[in-house]
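> Could you use the hints to bring the two separately framed chains together as a complex?
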Amino acid sequence: MKAIILGNGVAGAMTAKTLRELDSSTEIMIISQEKYPYYPRPNLIDFLAGDLPLNRIFAFPADWAEKQKIEVRLGQEVTALDPARKAVEVDRTGWVQGDKIVLATGASPLLPGIPGIERKGAFSLRTLDDAVSLLEFLAGGPEVVILGGGLLGLEIARAILKRGLKQVTVVEYFNRLLPRQLDEIGARLLQSQLEKMGLRFLLGKEAVEISGKETVSQVRFKDGSFLSAGAVVIASGIKPRLELASKAGLAANRGVLVDDYLQTSQPGIYAAGDVSEHRGRIYGLIPAAFDQARVVAYNLAGQEKKYEGTVPANTLKVAGIFLTSAGQILPEGEGFEVLSRLDEEQGLYKKLVLKDGQLVGAIWLGSKKGSVEITRLVQARKNPGPYKSDLLTDDFDFSRLNNL
Amino acid sequence: MEKWECTACGYIYDPDVGDPEHDIPPGTPFESLPDDWTCPQCGVGKEFFQKID
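Quick mapping for you: the protein sequence lines, in order, are chains A and B.
Residue numbering for the first sequence follows the working numbering, starting at 179 and increasing by one per position.
Residue numbering for the second sequence follows the working numbering, starting at 3 and increasing by one per position.
Just so you know, the hints here were simulated from the structure itself, not pulled from any lab data.
Worth double-checking, as some hints may not be accurate.
[Said to hold, decoys possible] Simulated restraints on C-beta separations:
1. A:517 to B:53: 21 to 31 angstroms
2. A:524 to B:4: 19 to 29 angstroms
3. A:251 to B:18: 38 to 48 angstroms
4. A:396 to B:22: 47 to 57 angstroms
5. A:240 to B:24: 14 to 24 angstroms
[Said to hold, decoys possible] Covered stretches of chain B (in silico footprint by chain A; criterion: 3 or more residues with CB under 8 angstroms from a CB of chain A, positions within the stretch not fixed):
6. 9-15
7. 36-45
Positions of the beta carbon are idealized from the N, C-alpha and C atoms, including for glycine.
Pulled out of the complex, with its shape left as it was, chain B reads as follows (with noise of 0.2 angstroms):
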């Protein structure tokens, strides 16, 4: 699956990992986030993600 990537602090989303500790389980693409979450590194929306290959 795709890895997403913060414009603003670097942190990549990586769906195998997900985000336990906003209770994204691992397996959860980023498409499938809620609306609402936030990079649990800096806070930004997931517009201030980019796709990485």
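One chain only, chain A, in its complex shape (with noise of 0.2 angstroms):
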């Protein structure tokens, strides 16, 4: 058996060490555009913020897929796909065939679609490569503007604050940071501590132009504003990489279609990761990517798995600031309980979401403690009891609901 994986990012390089790991005798390839080995995406902020050298952000050693019996092609594009032959197309040249096929593509990031956005000093982060030229870039010093106050853009905003630029200005088209993860209370207790990080905040902007001579100056808004900017920062989501799937007549929605088995509308073709839509979600993170690659190599490796979906949690990776959200925390329909806990002047928020008893979301800001313990039981909807309560206060023994 031959697998070919397209992508090297965390679900293709998991899906083949998995694999490996259950079953020594397969072929295994990985093709990837990036010319670099593999990196969990994550440490390009590390990079950026100055805290890891370029040397240190891969994750195996060098010698890794050698050892591993994993061939490994890289700065190679598959420029089409032959899903009867499960076959692909590299550099518009050669075809490669194997028994099965991965796609994990990954995404690009969501560009808006407003002038301006291929000037010079206009950036977005997703590689290794990104990641280097803004870093060039902001060299000299510029004001420098993000789009999206997203889990990303926050992160990249602290990085670059680091990196000891003076002006860095968030802005959000909501009117709140991180809308996804956060509410209403939470994201303003996280804004005044970046605030008091010296990082700088615009909400419910719409960018309608990034202008300039050559050069990126100013970004213009909807409302007729404007700010000065010698680079932009785009971090405003990410796009499913559907061309090569489309193309192949896989079905997509915005992302590509996968069952349960994670295995797209052509059999022995899977998906994992960014790139694909599992009931309808695109998750877009590390762990579901992660959970995905682990089903699909299982399924590779003929020990058939079903993916039941990922329970979103997230922490922000900022310095000095803990944050962990986890499921649904703004809930929606009858049947909810909110329990929260606000204390502005430790900047401390905690909320938790019960549906029918059960815990189906949290908020921990303001603190470490708990937020692994509150993370878990979101994800196994545990019921609480007499300890809801409870369990929002700060010394909280986790150990007590062990024998509810």
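See the structure below:
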């Protein structure tokens, strides 16, 4: 059996790694457009911040692939896919044939359809090359505007600030930060903490143009206002890379559609990670990419396995601020109960969302203590019974729930 | 026992759980993991882990 894995991010690399652990004889080939070996993308933030040197962002030792008998082709683009033959065309030249194919081609940054995004000084951050060129440009000490107040936007902002740049402004279309991970109270508290670190924010603003001569000099907004900018970083979401799959006739919506075995509409072709859409959902999160990679690897190894979804859980990778957000944090509909505790002075906010007595969502801001435990409880939909209010206290002993 | 977090991907190593998929039984402290143990979620080495309380 030969498995060809397209893409070398967490989904592709961990599919290969897990498959090799399950099966020592399967031929495994990874084809990657990036010219670098596998690295987990969050390392780019630490690299950008100056906390991680370039040579340390890679996950595996240099001889890993060889030792694992995995053929890794770097810097090669898959230009066509023949679903019937399970073959892929590489760099518009030769074809490589396998028995199974895994699409782990990931996503690209979602770029707003506004004039000026191609201008010099406008960036997005997805690949190591992106990070390197952004870093080079930042050496000139420009005023930086970041379009997008989600997790990635905030992490980039903080990393740039850490590089010593003084003027970093995050612009968000919604009227609050982290609209997916926080409610209004949490977002306000987080914002004031980030402002104390030196970040600036503009909320409820829609960028309509990145203007300038050759290089960017301004971001213009729909309400007529503008912000001067020497560099613009666009961090307003991701877009699954569908071209290859669509051209090959695989069923796709926003992502490549997969069933519970993570098989696409074509038997023998699987999809995992940011490119895939499972039960209407595109996760764009490492834990989900990993869960999917694992399921794909088991199925490739002939050990049938179903993917039941991943409970989204996020932590913000910003030094000095602890934020965990798990599950459904903004209840919609009936049958929910919400408990919360806010201590503005301490910068603390905790919120629990219960449905029919079970924990389905949690926000833990300003405290690391208990964040791991609360995430697990949400993932397990635990019913905290009589302890639900106690969970919000500072020193709650989570082992008390074991006997429920 | 102390939990450790992967700074690359956020995976938590919990000694009470171990990493049974990679033959690490429950009850194994982080310090006792083999040198070539890697983050089960993203593959980085032990040096990427930070202790959490």
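> Now tell me if each hint is right for this structure.
Hints, verified against the model:
1. A:517 to B:53: 21 to 31 angstroms: 30 angstroms, holds
2. A:524 to B:4: 19 to 29 angstroms: Since the Cβ atoms of residue 524 of chain A and residue 4 of chain B sit about 24 angstroms apart, the hinted range of 19 to 29 angstroms holds.
3. A:251 to B:18: 38 to 48 angstroms: About 41 angstroms separates the Cβ atoms of residue 251 of chain A and residue 18 of chain B, which means 38 to 48 angstroms holds.
4. A:396 to B:22: 47 to 57 angstroms: 56 angstroms, holds
5. A:240 to B:24: 14 to 24 angstroms: 21 angstroms, holds
6. 9-15: holds (count 6)
7. 36-45: Since 5 is at least three, the answer is holds.
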